[in-house]
Amino acid sequence: MTTRTDHRAGDAVPPLERRIGLSDMVAYAGATWDWYRLHYDPEFVRAARVPGPVVDGQVFGALLVEQIQDWLGPRCFVHKLDFTFKALVFAEETVRCEGTVVEVGEDHLVLEQRVVVIGPDGGVDRVAAAPARARVLLGTADGPGA
Amino acid sequence: MSLLTDEVRALVGRKKVYTAPEEFGAAAGRYFGLAIGDHNRLYSDPEYARAHGLRGVTAPPTLICETNQYANLPIPPDGYAGHEWGIEIPGTRKVRGGNSYTFHRRIRPEDVVTATWEITDVAGKATRSGAEMLIVSSRATYTDQDGGLLAENEETIIFVALEGGK
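Chains as they are written, first to last, in our numbering: chain Y, 1 to 146; chain S, 1 to 166.
Any given hint could turn out to be false.
Stated by the list, open to error - Only pairs whose alpha carbons sit at most 27 Å apart, straight line, appear in this in silico BS3-like list of lysine-lysine:
| id | chain 1 | residue 1 | chain 2 | residue 2 |
| --- | --- | --- | --- | --- |
| 1 | Y | 86 | S | 125 |
| 2 | S | 16 | Y | 80 |
| 3 | S | 15 | Y | 80 |
| 4 | S | 15 | S | 125 |
Unchecked claim - Sample of chain Y residues lacking proximity to chain S, with all beta carbon distances greater than 10 Å (derived):
| id | residue |
| --- | --- |
| 5 | 11 |
| 6 | 12 |
| 7 | 37 |
| 8 | 59 |
| 9 | 66 |
| 10 | 90 |
| 11 | 96 |
| 12 | 103 |
| 13 | 110 |
| 14 | 122 |
If you're looking for bench data, these hints aren't it; they were derived computationally from the structure. Just so you know, these numbers come straight off a predicted model, no measurement behind them. C-beta atoms are modelled at their ideal positions from N, C-alpha and C, and glycine is treated no differently.
Chain Y on its own, in the form it takes in the complex (with noise of 0.2 Å):
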């Protein structure tokens, strides 16, 4: 179980790689019952003059809960999470959420995160999301109203 003492504001959260294919995309429009075609179909994203088919934004809030929850294992609680858009990611493309922590408390951490775009070159290309921050409980799996 992580405590506070293992923490220190500055910390780097380790970094979660996801490349987003469109497979996935179509798995995860299944998985919410969002069908919007920008998210799949040719057509429709021709029609959007887009470059492919678009990400779902939300897809970024589920990375950034991941990136918490596989570094400070089950028991921890993610109570809140904020993050703005920045720019659309398309299918294929690779996103790379990052981490730091800003404030240790006695039963909490609070995080800075942002999700880039990665490159070819593997730098990043541009923000996806950002700026992010998380307030998460420490030495719970459950939230306050469990």
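Knowing the structure of chain Y, use the given hints to seat chain S on it.
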């Protein structure tokens, strides 16, 4: 021309309520985990979940704010079968601003979700290039079959004027 008209101002306070026709189900969370590539055993292994203090499996937290499962709406030509306010403002393009989630507890397979959406604010602003914007803020409150609070989701939709900027 201002995008912030009296008609737009009158949208504040408008509500829509959706109650799921059935329990959330364990498969919903497991499927969402697979779809996003999150193989956390809290979503698939009841014994593991119980060992860490839960009653059983749960779902990735953001699913409750992302799924259209409980909206129970027909599929329109563009495929989006989720909550919408149906606000159309000619001469603008619509973009998503962001989300602010608060999670009160993890969802359980037996939960029957009610989502209550409300428009909380409308505001006019200008982009850096001088184009007019209209920001529509909404809040969704997700509750269980006993009225217990599961999560809240504040989101902004921005309408940006296609002409008028530098």
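Consistency of the hints with the structure:
no., hint, verdict
1, 86(Y) - 125(S), "holds (18 Å)"
2, 16(S) - 80(Y), "holds (24 Å)"
3, 15(S) - 80(Y), "holds (23 Å)"
4, 15(S) - 125(S), "holds (24 Å)"
5, 11, "holds (22 Å)"
6, 12, "holds (21 Å)"
7, 37, "violated (4 Å)"
8, 59, "violated (6 Å)"
9, 66, "violated (4 Å)"
10, 90, "holds (16 Å)"
11, 96, "holds (13 Å)"
12, 103, "holds (17 Å)"
13, 110, "holds (14 Å)"
14, 122, "holds (20 Å)"
Violated hints, in rising order: 7, 8, 9; the structure is consistent with all others.
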